[in-house]
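Produce the entire structure from the sequences given, and follow the hints as far as they go.
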Amino acid sequence: EAEVAQSPRYKITEKSQAVAFWCDPISGHATLYWYRQILGQGPELLVQFQDESVVDDSQLPKDRFSAERLKGVDSTLKIQPAELGDSAMYLCASSLFRLAGDEQFFGPGTRLTVL
Amino acid sequence: GESVGLHLPTLSVQEGDNSIINCAYSNSASDYFIWYKQESGKGPQFIIDIRSNMDKRQGQRVTVLLNKTVKHLSLQIAATQPGDSAVYFCAERGGANNLFFGTGTRLTVIP
Chain A
5 EAEVAQSPRY
15 KITEKSQAVA
25 FWCDPISGHA
35 TLYWYRQILG
45 QGPELLVQFQ
55 DESVVDDSQL
65 PKDRFSAERL
75 KGVDSTLKIQ
85 PAELGDSAMY
95 LCASSLFRLA
105 GDEQFFGPGT
115 RLTVL
Chain B
15 GESVGLHLPT
25 LSVQEGDNSI
35 INCAYSNSAS
45 DYFIWYKQES
55 GKGPQFIIDI
65 RSNMDKRQGQ
75 RVTVLLNKTV
85 KHLSLQIAAT
95 QPGDSAVYFC
105 AERGGANNLF
115 FGTGTRLTVI
125 P
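Same order as they appear, the protein sequences are chains A and B.
Numbering-wise, our numbering puts 25 at position 21 of the first sequence, and it's gapless, one number per residue.
Numbering-wise, our numbering puts 44 at position 30 of the second sequence, and it's gapless, one number per residue.
If you're looking for bench data, these hints aren't it; they were derived computationally from the structure.
The beta-carbon is built from N, C-alpha and C at its ideal position, and this holds for glycine as well.
A couple of the hints might just be wrong.
Stated by the list, open to error - If you anchor each label on the Cβ, the simulated ranges turn out as follows:
(1) E56/A to D69/B: 38 to 44 Å
(2) V58/A to R65/B: 37 to 43 Å
(3) K19/A to Q95/B: 41 to 47 Å
(4) S26/B to K19/A: 35 to 41 Å
Encoded structure:
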């Protein structure tokens, strides 16, 4: 069964350092999402791509976060510099299209700890 | 913006009993809702969905009920099993297919 892949699974870094997370969506899925999940809370959308284009990054802290999906396939989310409050699970999801009712499939996430 | 919340943060049930997890939402214009299950260390997994033109939908051992009058939905799990232990989220889908999640309810099944 096809799955969304993410790496690394765990990342520990010191504040002010740069970190990057990678996501490989299910093959053929045009839409890719990055969510942040703080411990004890539900995921919150950071950025949404349709192919290589950003369609929603309204909740992305653009002073320190960046995301790209250059070839419309895999994607990288970067934080520079990392802050203590960035400690969270970063989840990637993909869907075939971005139509309402189109199921999103989630990856296992990257657990970030900022010291 | 949308706001989706859950009434109870934790729920413990005996194995074999039925479980009911509740969720309130605030956006009366929302027309599509999903329940997700998240096990420890994993991403959310789709369980069941419902559109606003329905008030009930059944799956395998799960039923979702939607009450648009009071903006409430619930997830019922029949004959709860130890493998059902997880955090359950309700989510409403925005127009761009993005999801707005509630806080979550941790379900613990007691053997």
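Structure-based check of each hint:
The supplied range of 38 to 44 Å is met by E56/A and D69/B, whose beta-carbon atoms lie about 40 Å from each other. Taking 37 to 43 Å as the suggested C-beta distance range, the pair V58/A and R65/B does not conform, at roughly 28 Å. The beta-carbon spacing between K19/A and Q95/B, approximately 43 Å, falls within the hinted interval of 41 to 47 Å. Range check, S26/B to K19/A: about 38 Å between beta-carbon atoms, so the 35 to 41 Å window is met.
The structure fails to meet hint 2 from the earlier list, while all remaining hints are met.
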